[in-house]
Amino acid sequence: EGRGVLWVVMVTYQKCLTPAVLAPSHGFSVDVEVPITFKEAAVGFGQSVVQPYMTSMGEVNETGKVYKCDPGSRLCQEIPIQRPPDAVHMSLGLSLAARGSNLLVCGPTVHRACGENMYIKGYCFLLDQSLQQRRRIPDTLAECPKQVTDIAFLIDGSGSIAPVDFGKMKTFLSEIMKRFRSADAQFALMQYSHTFTEHFDFLQYRRSRDPDSLLGSVEQLRGATHTATAIQKVVRELFTSRKGARDEATKILIVITDGEKSGDPLSYSDAVSEAERAGIIRYAIGVGQAFSSAAAQRELQEIASQPSNEHVFRVDNFDALQGIQNQLQEKIFAIEGTQSQSGSSFQLEMSQEGFSSLLSPDGPVLGAVGAYDWSGGIYLYGSGGKPSFINVSRTSTDMNDAYLGYSSQVITANGQSSYVVGAPRYQHAGKVVLFSRDTKGGEWTHRSEVLGEQIGSYFGGTLCAVDLDRDGNTDLVLIGAPMFYTPLNGGRVYNCLINWPGMTLNCTKTLQGQTGQAFGRFGASISEIGDISGDGQTDVVIGAPMENSNRGALYIFHGGKGGFSPQYRQGSLFPSRLHYFGQAVSGGTDLTGDGLPDIAVGAQGQVLLLRSRPVLRVGVSISFQPPTIPTSAFDCQEQEQLNTKASSANVCFTVTKSTMDSLGNGISSTIHYSLSLDPWRTKIRAAFDSTGSVLSRELRLGIEKKCETYQIKLPLCPEDTLTPITLRLNYTLTGEPIAAAGDLRPILSEDSALVSAGSVRPPEPGSGDSPARPLPHPAISFHPQDCSVATCKKIRCRIASLKMQQPVEFTIKGNVSFQWVSKTQQQKVSLVSEAQIEYEEKKYTQKEGFVQRQVQTVVERSEVYNYLPIIVGSSVGGLVLLALITAALYKVRGAGQLPPFPLVPPVPGGPADPTPPPSSSRLL
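Start counting the sequence shown at 6; every next residue gets the next number (our numbering).
Think of the hints as simulated: they come from the structure by calculation, not from any bench. Just to be clear, a hint being listed does not mean it is correct.
Taking lysine-lysine and the BS3-like style, the derived pairs with C-alpha atoms no more than 30 Å apart in a straight line are [unchecked claim]:
# : residue 1 : residue 2
1 : K391      : K445
2 : K238      : K248
3 : K710      : K662
4 : K238      : K183
Full structure from sequences and hints, please.
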C-alpha cells in the first residue's frame, strides 16, 4: 500500500522535555482536524518518537518498550528486543534514531554493580528493515575495574585520650575494616604519641583479615603528640612494597587525633609534601572540644587533602565516631570507583552511552553525558572495530558537569561529515561544540563553539541540522534552549547559519513561541519535516509541551533564504485532554502512502500523526473584449437611463499543485469569488447584467484552468468618461475531500494573491474612437491606491491598549491643494479617505462590525468674483460724467437761452413769474 510505520518508545527514565506550538493562517498545510491517534495502556507511551518508531515506559520489572504503529490500522505492536541479562533498569528507548531502513534503540541507564559501587552504562540495538537485530552496541559492558585500595590508619595514642575512648576508637577501626571485606582493600595500622608503634602492615593484614584479632593486642602508648613526624613515618615505612603496599593501589591515610600536635620538631608542611608526592589521599578526623578553636581546625585542614571540606571530619567525642562511618565509607568507595589518584573524577564509569543517539553516514553516534565527571562526549562507532570517543578535553576541568553529548547532530558539506554536540549545563548556561575530522591525521578536533546567554536556559538541550535548499549540504543548525525564561516567553530556539570555510556557527536570529507562555518550554523538541508548504524550502516543527497548562502545543516554521521567519504558523487547538503534546516530534517521512510528509507528535500516553496536505496555487487572469470601451457606449442622446454594453470581462482561474504527492490529478477544490466594478466609487458607473456592480459566484475545478465571461454595462449616462472602469476580484479556496487519501483536503498556498484587478479604458482623447462632441459633466478621478497617478498619504496610529466601553479618537488635519489638478483643466477633485483597523488576530477577534470604512469627498473649485474694480470704476466714471454735464449747462446759460437763476428765492406773495425756470433737481 505504500504506507510506512511509526515507532513509539516507552522509557523508565524521563529526560528534560523539549516542547513546541502551531499559528493561524489561510494556508496552514497540516491537517489538525482529524489526526491519526495511537494509544497504549503502557505508562509513558509517546515519550520518544522517531519515524517510524515510538517508545513507552516499562512496568516495574521491565526496562522500556519499543512499538511499531501502522497508520492504516491505527494499531501498535511491540518490537521484541533481545536484552542481555545484565541490562538492568536500562530505560530502553530513551533515545531513538532512524536513517533509511535502520533503527537505533538505546537504553542509557544500565546499572552495573562493581563491588560497593553502582555504575551507569548503556546499551544500544541496531535493527534492520525487518526489525531483526543486526548489532548490539557495545557487545558487552566493560568489566568492573580492578581497582585496589591500600588504607593505613594513623591513630593518636597520647595521654590526653582516656582509656575508654581509646577502646571506642579501636571499635571504630574494626567496623571500618569490616565494611570493606567485599572490596579489594587491605589495611595497616600505626599508633603514635612521642613514640611510634606499627601494629600491623599490609602483609600481616593479608595473612589475617580478622579485624578483631589484629586490633586485640593494640595498647595505648600515652605521651606527647608528634602528628607530623607520624605522618612522615607512615609515608616512608608503611606505604612500601616490602610492607605489602601495591604500586597500582589507591593509597589512603586516615588520621585520628584528639588535639593539636605538641613537642613535634617536624612541621606539617614537610610531612604533607612527602605524602602528596607519594600520591596518598589523606583524611583527618578530629575528636573532642580541642578542635573548636580556629588554630586546631587549621591543623586538621593542613593534614587533610584538598579540598579540605571533603576530607576533614569533626566529632565532639569518641561515641560520635560511629556516626561518620557511612560518610567515610562513601568517600572511600567513591575514590575506589575512579581510575585516578586524585579521588575527584570519574572517567567512563558513569558515561551513560546512548543518552542521545544518531545514525550518521560514518556510523552510529552515542552521547555519553556522564563521561569524565559528566563533562561528557560522544562515541562514534565507525567501520573499524574500536569506537572513537570525541570530547573537548579529558583534562579540561571547566567542562565538569557540562553534559556534552546531551544532544548531537551530523552536518554535511560536500559529502564530508562534521558534528555539533550540545552541552546544556556548561557553566550553567550551556554551549554547543562543533567537531570536524582533521584531514591529515584523521583525528576529531574541536573547531568552534557557541555559548548560551542565560543561566539555566539549557542551551544546547536540543539540536536540529537543516538543509534548507535540499542540496545535500547542511545550511544551518537550530539550537534549542527550552528553559530560557522571560516574563512573556518560555523557551527559545537559535537560528545559527554555518560558515563552512571558518567552521563556525553564526546565531543571528531567534525563534519564540506564543507570547504569554512563560513556562511553555518552547524548543524542547525540534525536527525537520521536509517541504510541506510547497515553496521548495525545508520546514521545521518545534514542540512546547508545557504550554497551555501543560497541554502542550506545536509550532511550524517555514524555511526561507537565510533561515526561518520568526513568524510561526499555528493550527487548531487540540482537545484539552491531551497533556505534554509536543514532548517529542519527528517528521519528513510519508507514512500514509500519499507521497506527502507526515509529522509524529508525542503526548502523554498517546502519539498523534498529523498529515500534511496538498498545497494548491491559483493563478488569476482578467481580460476584456473589447479592450477599450467603444464610443457608442457613451452616446447618451440626452437620456439619463443608458444600459449600454461597455465590454465583456473574461475571468480565468488556473489551479496547479505546489507540493509533490502521489495523488495525481484527482484533487478538486471550490473557489468562492466575488467581482466588483469600480469598488472605490460611491455612485455606480458600471454594472453587471442585473446584479449591480457586485457579483458573487463559486466554481469547482481540479488541477486545470477554467474561465467565466461577464458583460459590463453602463446603466446611466456616465459623468466620468476619462478614467478606466476597474474590475476587482476577491476569492477563497476550499479543498474538497480526497477519497483516495482518507478525505484529506487540499489547501491554498500561503503566497497566493487573494485579490486581483483589471481595467478597461475609454478611448483616448483625440483618437478616432473618442466622442466627437463634449460629453456632459466631464470629471476626473483616480484609483485611491494608484499613488503613481494620484497623491496618497498613509498615516498609521498604534494603540497601546484597548479598554471596554472607552472609544479611541484620532483627529487628522491637512490642506488640499489644486496645483496638480489645475493641469487637468478640471474644476472637481475626488478625495478618498479610508480607515482600517489592523489587530493581532491570534489575540483578538472581531466577528462583525466596523473593520474598514471609506469616505469619498468631492471638492469643486469655484471662482470668487472681485467687485472692487467695478465699484471704483463706476464711481470715477460718474464723477467725470457729472463734470461734463455741468460744463455743458454752463455754456448754454451764457448764450441767453435760459433765464438766470434767482439769487434769492421769490418773496411769498410777490408777483408770479409767468415762466418759472425748471428745477435743478430735475435737470440733474
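Here is how each hint holds up against the structure:
1. K391 with K445: At roughly 20 Å apart (the allowed maximum being 30 Å), K445 and K391 satisfy the hint.
2. K238 with K248: The given pair, whose Cα atoms are some 13 Å apart, holds under the 30 Å limit.
3. K710 with K662: Judged against 30 Å, a Cα distance of about 12 Å means the pair holds.
4. K238 with K183: holds, 26 Å
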